[in-house]
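Trainee: Chain by chain, the residues:
There are 2 protein chains.
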Amino acid sequence: MDRVMEGKEIDILYHLGLDTTQDLSIFKDVKFVCMGGSAVRAASFAEDLRKRFTPDVEGPPQPVGKTERYHIYKVGSILSASHGIGMPSMLIMLHEVAKLLHYAGATNVQYIRIGTCGGIGSEPGTVCVTTAGCIGTLEPVYEAIELGERKKYSAAVDSALVERLIQVAGELKIPAVSGMTMGTDDFYEAQGRLDGALRPSFTEADKMAFLKKAYDAGVRNIEMESTAFAAFCQRAKIRGGIICAALVNRLNGDQVTSTPQQLGEYSLHAQTVVSEYMWQELHTKDADDDSSAAKRARCT
Amino acid sequence: MDRVMEGKEIDILYHLGLDTTQDLSIFKDVKFVCMGGSAVRAASFAEDLRKRFTPDVEGPPQPVGKTERYHIYKVGSILSASHGIGMPSMLIMLHEVAKLLHYAGATNVQYIRIGTCGGIGSEPGTVCVTTAGCIGTLEPVYEAIELGERKKYSAAVDSALVERLIQVAGELKIPAVSGMTMGTDDFYEAQGRLDGALRPSFTEADKMAFLKKAYDAGVRNIEMESTAFAAFCQRAKIRGGIICAALVNRLNGDQVTSTPQQLGEYSLHAQTVVSEYMWQELHTKDADDDSSAAKRARCT
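Line by line, the protein sequences are chains E and G.
All residue numbers for the first sequence refer to my numbering, where the first residue is 3 and numbers rise by one.
All residue numbers for the second sequence refer to my numbering, where the first residue is 3 and numbers rise by one.
Some hints could be false.
Each pair may be met inside one copy or between any two copies, as identical chains are not told apart.
Stated by the list, open to error - Calculated cross-link-like contacts (lysine to any residue; reagent style SDA-like; alpha-carbon spacing at most 25 angstroms):
#, residue 1, residue 2
1, Lys154, Phe212
2, Lys214, Ile168
3, Lys68, Thr261
4, Lys68, Leu196
5, Lys153, Asp58
6, Lys153, Asp208
7, Lys153, Tyr105
8, Lys30, Arg201
9, Lys68, Gly172
It should be emphasised that the hints constitute simulated quantities derived from the structure, not laboratory data.
None of these values were measured; they are calculated from a predicted model.
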């Protein structure tokens, strides 16, 4: 984060239910912030992480701060958080978590969004790793209006992290693709769905033509957060990645028709890849540190 | 709703956890859908409504459908629902609730969004009744991108409902103003806040100049849902209103500094107005119906 809260005595992280009068030092060791829309998934992922990363700690993990809007769990050096649906909801959490970790003195933190999505040419269960977010016109940007002026920010994603996530998915034999992710501000018309409550201005044939055009432009999935997430991470100089499990292949239909059991299994695919990625990152780093320490020890 | 789901055997209202294979007839009598961001407020409002409208029913009300994304409570002919933060999250609920009520055969349903907001020239506790939503450029529209094309929809609100809500607030001696409501896709930079995690492109002076310009254009408050809500209701031919309690006067500062007790009290202001409005609507209508029934009885 390139901004220091200068001249401020107290900062109230209103939506998290935390503020700078509290002791935030427990967050100093955070290295990963994993986030997704659902509070239920944030909790279950936190419990899965506890079993793997901190098995000696009694579970299940309890949320930090207030839970009216977001749920945040801390498991070792990992936060598992829910951001609700859509960019506006997620941005509040991104701003307040970034401030929280800044105040706590955490460094080199990676943010990973773990979501569900509609695949474009990707079958249910495939994990889609985002190379860049794009808006509905297929431009790879996040659009905002600030003080009456329209702004565009790049929505590209750290390419080294994309490669690592694809590599780890391969090691786990989980089907994975990388490509652009269309981030929309609506689940129905903005994603070309014909099954919303309103009479859309387009036909089934229009929709299929657009989805094919998006595919040809390199879009592999559609969700509701990618452009704002990518732009935020880039501006804040945070290494950030997005990995989503496809629940439906939109080239075959609009509705989510898999069973709840299948959906649960598909969602787990993305979590499993991220869990393994973090395990490798933390343990390789530990190994590096050990090796450095060993080298230093030899020199003394 | 002007759309009939033709040729569909089953419609899955995925995010509500309901579908058309279930008996949805309990929703046939619904006349009001009240909604706000927070699940906690949806529950407490439902309980307040139960005590007033259906005191013989044991409480507290239990949510309908799944609660992973949204919480919906039914109290007599009223639904109290949470839609999360922001337009993308709210739109999913609007589409799926409108379809639900359509399938259930409910008629003449009014939708009222009860929120919290930043006031512009309105002190904390004032209720702001929306005459139209506007985007950050101050145009009274909702903007969308559908199949690659940019669209604008009118975000005007039913003026008769605005007048009634202002009238009821007056009867209850709750401070109220009406005016345009700026609906933004972000709580920080898009609302001109300087206290987010990113270095904004504007200064305190720029912000104040913009807020004053917005005030002069007729904007009285800022929240994150107004334009999409107003446009949805207008397109779906639903009578819809928006009433929000100001938690801060943005002409005086950015941060929410009231105590939790004060904030709870302010939030209640908007709920109290809506509760009284619905009471009057239902009981005046009942009186009309009784009177019509009496007339019909006299004619037979």
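Trainee: Now look at each hint and say whether the structure bears it out.
Mentor: Quick rundown of the hints versus the structure:
no. : hint            : result
1   : Lys154 - Phe212 : both (23 angstroms within a copy, 19 angstroms between copies)
2   : Lys214 - Ile168 : within (24 angstroms within a copy, 50 angstroms between copies)
3   : Lys68 - Thr261  : between (32 angstroms within a copy, 15 angstroms between copies)
4   : Lys68 - Leu196  : between (38 angstroms within a copy, 23 angstroms between copies)
5   : Lys153 - Asp58  : neither (48 angstroms within a copy, 54 angstroms between copies)
6   : Lys153 - Asp208 : between (29 angstroms within a copy, 16 angstroms between copies)
7   : Lys153 - Tyr105 : neither (28 angstroms within a copy, 41 angstroms between copies)
8   : Lys30 - Arg201  : between (51 angstroms within a copy, 22 angstroms between copies)
9   : Lys68 - Gly172  : neither (38 angstroms within a copy, 34 angstroms between copies)
The structure does not agree with the numbered hints 5, 7 and 9 stated previously, though it agrees with the rest.
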